[in-house]
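Q: Sequence:
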Amino acid sequence: MRYTRFALCLLALSFDVLAQVKKPNEVSVEVVTGSSGGSYYDIPRGLTGFDKYGTERLSPTGYYFAGTLSSDELGRVYFRNISVDRKEDGTHLGSQKIFHYETPVKVLKDADAFDLFIKGDVVNYSQKDHFIFFKADGEHTPSLDKNLQLEDHLRTNQRQTYVMPMLGLCREDEFSKGHFDFNTFVSLGMAPIGFMNYQSKVTDKQHDNISEKDFTGKGSSLAAGAELTLVGVVKYKDRYYFKVSVQQNVLAGANKDRTLASNRITRYELGYNITKKLSAGIQAENNELLLLNQNRHAIDVYNNVGIGLKYQIPYRKK
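Residues 706 to 1023, numbered by this note's numbering, are exactly what the sequence shown covers, in order.
For the record, the hints were derived by calculation from the structure and aren't laboratory data. Be aware that one or more of the hints could be misleading.
[To be verified] Derived EDC-like pairs (lysine to aspartate or glutamate); straight-line CA-CA distance at most 20 angstroms:
| hint | residue 1 | residue 2 |
| --- | --- | --- |
| 1 | K833 | E778 |
| 2 | K982 | E735 |
| 3 | K982 | D777 |
| 4 | K982 | D834 |
| 5 | K948 | E735 |
| 6 | K940 | D886 |
| 7 | K1015 | E778 |
| 8 | K802 | E735 |
| 9 | K923 | E993 |
| 10 | K833 | E993 |
| 11 | K811 | D834 |
Required output: the full structure, derived from the provided sequences and hints.
A: Following this line, the structure appears as structure tokens:
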């Protein structure tokens, strides 16, 4: 009950900024879809022999979809889903979902160097149908190379949800030179106190010597986190643009299961402004998600390549 009360108070703090929101002047909608592939490890904590950027025995390939809805006055909603199968035999390797909501940034103090801001974050990470393996020898295991289902394993679902009020510093700069326009943005936010809810359960057990209870758990606790965002944009004649962005966050629960989530998204985008409201672009991103608890170490490293459309919806008075 105390966690429920705390969560409600924290949500009120995170969304307090919305109480002052008027009607939005413009809403941006962006959708991206494409192919995904990379590395995938879900192993008991403490097991060695796996390298997230090493030789990849699982060879996950699949697709991804991402959608973003944002406004200076309503905040930002981001959703992404990745679903992958094993390239060699088509074994389904699971899916990864991320939901992220940011309240509008409220500037508390303007300064020459950095502005002081406050915002609220709600982040949900989800992994479904993930294999947990119990062998790591540095080489490809023959039975594993032939058929993933022959190896002792578990399939699990894991979810971690964080609510974080963040206080931080940010700075935005713009300048032009000839036909080129430049824009940079940097933000560092800290959440010394927040709320976390987590759940991990076994959906398929194919291991006689492992207990499901060792990989099942749920609960709530206090949490802390930090988030770093770097963005750079170059426009040419207000038509062509190249954008680079990096967002890294680390969120940890203060519970006995030592639950932790770390997510880094590095994105490159080459685009073209078709009209003042509509733009299209090619995106390439590297996405690394790490989820930890007391007994498992799950890493998803995906490289996504896709095509996106972005449209600015102006607000119209009645």
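Q: Determine for every hint whether it applies to the structure shown.
A: Hint-by-hint comparison with the structure:
| no. | hint | result |
| --- | --- | --- |
| 1 | K833 to E778 | violated (34 angstroms) |
| 2 | K982 to E735 | holds (12 angstroms) |
| 3 | K982 to D777 | holds (16 angstroms) |
| 4 | K982 to D834 | violated (40 angstroms) |
| 5 | K948 to E735 | holds (15 angstroms) |
| 6 | K940 to D886 | holds (5 angstroms) |
| 7 | K1015 to E778 | holds (18 angstroms) |
| 8 | K802 to E735 | holds (17 angstroms) |
| 9 | K923 to E993 | violated (24 angstroms) |
| 10 | K833 to E993 | holds (16 angstroms) |
| 11 | K811 to D834 | violated (39 angstroms) |
Of the numbered hints listed earlier, those contradicted by the structure are 1, 4, 9, 11.
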